[in-house]
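Asker: One-letter residues, chain by chain:
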Amino acid sequence: MGVLLFSSRESWPERPSSYPGPRVLREPSDPDLDALRSGDEAAFEALIGRYHGGMQRLAMSYLRDRSAAEDAVQETWLTCLRTLDRFERRSSLKTWIFGILLNVCRARRRKESRIQPFTSLFRSVNGEGRGPTVDPHRFDGHGEWLARPDNWSNVPESRMLSQETIGQVKTAVEGLPVGQREVVILRDVAGFDADEVCTLLSISPANQRVRLHRGRAYVRRVLEEYLR
Amino acid sequence: MRCQEVVELMTAYLDGGLSAADRARFESHISGCDGCRAYLAQLRTARMLMGRVADEPMPQALKAELMNAFRSWKAS
Numbered sequence: 011m012g013v014l015l016f017s018s019r020e021s022w023p024e025r026p027s028s029y030p031g032p033r034v035l036r037e038p039s040d041p042d043l044d045a046l047r048s049g050d051e052a053a054f055e056a057l058i059g060r061y062h063g064g065m066q067r068l069a070m071s072y073l074r075d076r077s078a079a080e081d082a083v084q085e086t087w088l089t090c091l092r093t094l095d096r097f098e099r100r101s102s103l104k105t106w107i108f109g110i111l112l113n114v115c116r117a118r119r120r121k122e123s124r125i126q127p128f129t130s131l132f133r134s135v136n137g138e139g140r141g142p143t144v145d146p147h148r149f150d151g152h153g154e155w156l157a158r159p160d161n162w163s164n165v166p167e168s169r170m171l172s173q174e175t176i177g178q179v180k181t182a183v184e185g186l187p188v189g190q191r192e193v194v195i196l197r198d199v200a201g202f203d204a205d206e207v208c209t210l211l212s213i214s215p216a217n218q219r220v221r222l223h224r225g226r227a228y229v230r231r232v233l234e235e236y237l238r
Numbered sequence: 013m014r015c016q017e018v019v020e021l022m023t024a025y026l027d028g029g030l031s032a033a034d035r036a037r038f039e040s041h042i043s044g045c046d047g048c049r050a051y052l053a054q055l056r057t058a059r060m061l062m063g064r065v066a067d068e069p070m071p072q073a074l075k076a077e078l079m080n081a082f083r084s085w086k087a088s
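From first to last, the protein sequence lines are chains A and B. Oh and the first sequence: position 10 is 20 in this note's numbering, straight run, nothing missing. Oh and the second sequence: position 9 is 21 in this note's numbering, straight run, nothing missing.
The set of hints was computed from the structure by calculation and includes no laboratory data. Please note that a few of the clues may not be correct.
[As the list claims (entries may be wrong)] Among the chain B residues that face chain A by a calculated CB cut under 8 Å, a handful are:
1. Val19
2. Gly63
3. Glu77
[Stated by the list, open to error] List time: in silico DSSO-like cross-link candidates among lysine-lysine, alpha-carbon distance up to 30 Å:
4. A:Lys121 / A:Lys104
5. B:Lys86 / B:Lys75
6. B:Lys75 / A:Lys121
7. A:Lys180 / B:Lys86
8. A:Lys180 / B:Lys75
9. A:Lys180 / A:Lys121
10. A:Lys104 / B:Lys86
11. A:Lys104 / A:Lys180
Beta carbons are placed, not taken as given, at the ideal position from N, Cα and C, and that holds for glycine.
With the rest of the complex left out, here is chain A:
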C-alpha cells in the first residue's frame, strides 16, 4: 500500500505525525462520526469518556504534568470540533483524534523545551538498545530457562487488578524511553493496532514492533519484581 509511512527512524520525532493516515476509505460509515456530526450530545460524552484514559496517558508521556496533559486533551477536542467538517475519513475517527493530540503535545513540548531543557525531565530506565530483553543469566548455556518464570495465574485476582498493581504498571510505562513509551501507550493503553501506530508515528512496522517488544518486556520485568 503506497502510503507515506515507513521511514525507518530510531530517534524520537520532532516532526509532525503524518496523520490522517492511509488514503483508504476504511469503512463506509462510522456511527461515532455520524452521531457527532448530527450533534448528538450523548454520543460526544461517551466518546470523550471512552478515549480519555488513553489520551491523558499519551499527553502525560509528552508533557509530564497532569494539568498540562488535561489542557492538551481539551485543546485536542476543541480542534476536533473546529475541524470536524474537514475530516475526510482517510483514517478512523480515533486515529484522527489521536493524531491531533500528538501534534498538540509535540507543539507544546517544543514550546516548553525553549524554557527548560526538556531532556532533564525524562528519566528512562529501559535501554533503547538492541540487546536481549530477558537477562541472559536466566538461561543456561543452551539458551534454556534455568529457573522458570512464575505462573501468575497463582496470583489472586484481587492483587493482580489492585490499584497498587496498576500503579506499578503506570510507573513502569512512564519510565520507558520515549520511543517505546509512545508505542506502548498507543498499542496497549489506547488500544490501537500495529498499522495505526505506524501511521500515527510515521515509523516502520519493524521499528514499531521492536519498540513495543522492549517496552512490554520492561513492564513485565517490573511486574515480576513486584509480584515476586
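Since the structure of chain A is provided, determine the placement of chain B on it from the hints.
Answerer: Frame of chain A; chain B shown alone:
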C-alpha cells in the same frame, strides 16, 4: 528454537507477524516448554494490565467544559 530466542519472538507472535514456518516452530516449542508458556502468559498479563491503565475517568470540570464547547459548536 531455544528459549532465549523464543522470548524475543513473542511480540511478533502475538501480532501475527511470524512467517508460517516460524509460527509453527514457535508453537511447537511453546507446547513443550513450561517456562516459555509462563513467560508468554506474563506478557499477555502485562498487556492486559496496561489496558487497565486507560480506565481513568475524565475530571468533571474538563467534561463540563467540553460539553459546553460541544453545545456551542452545535449551535453555530
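Asker: Run every hint past the structure and note whether it holds.
Answerer: Structure-based check of each hint:
1. Val19: 5 Å, holds
2. Gly63: 6 Å, holds
3. Glu77: 7 Å, holds
4. A:Lys121 / A:Lys104: Cα-Cα ~26 Å, so holds.
5. B:Lys86 / B:Lys75: The given pair, whose Cα atoms are some 16 Å apart, holds under the 30 Å limit.
6. B:Lys75 / A:Lys121: This hinted pair holds, its Cα atoms lying about 26 Å apart.
7. A:Lys180 / B:Lys86: The given pair, whose Cα atoms are some 36 Å apart, is violated under the 30 Å limit.
8. A:Lys180 / B:Lys75: 23 Å, holds
9. A:Lys180 / A:Lys121: With Cα atoms ~26 Å apart, Lys180 (chain A) and Lys121 (chain A) stay inside 30 Å; holds.
10. A:Lys104 / B:Lys86: 20 Å, holds
11. A:Lys104 / A:Lys180: Distance of about 22 Å is within 30 Å: holds.
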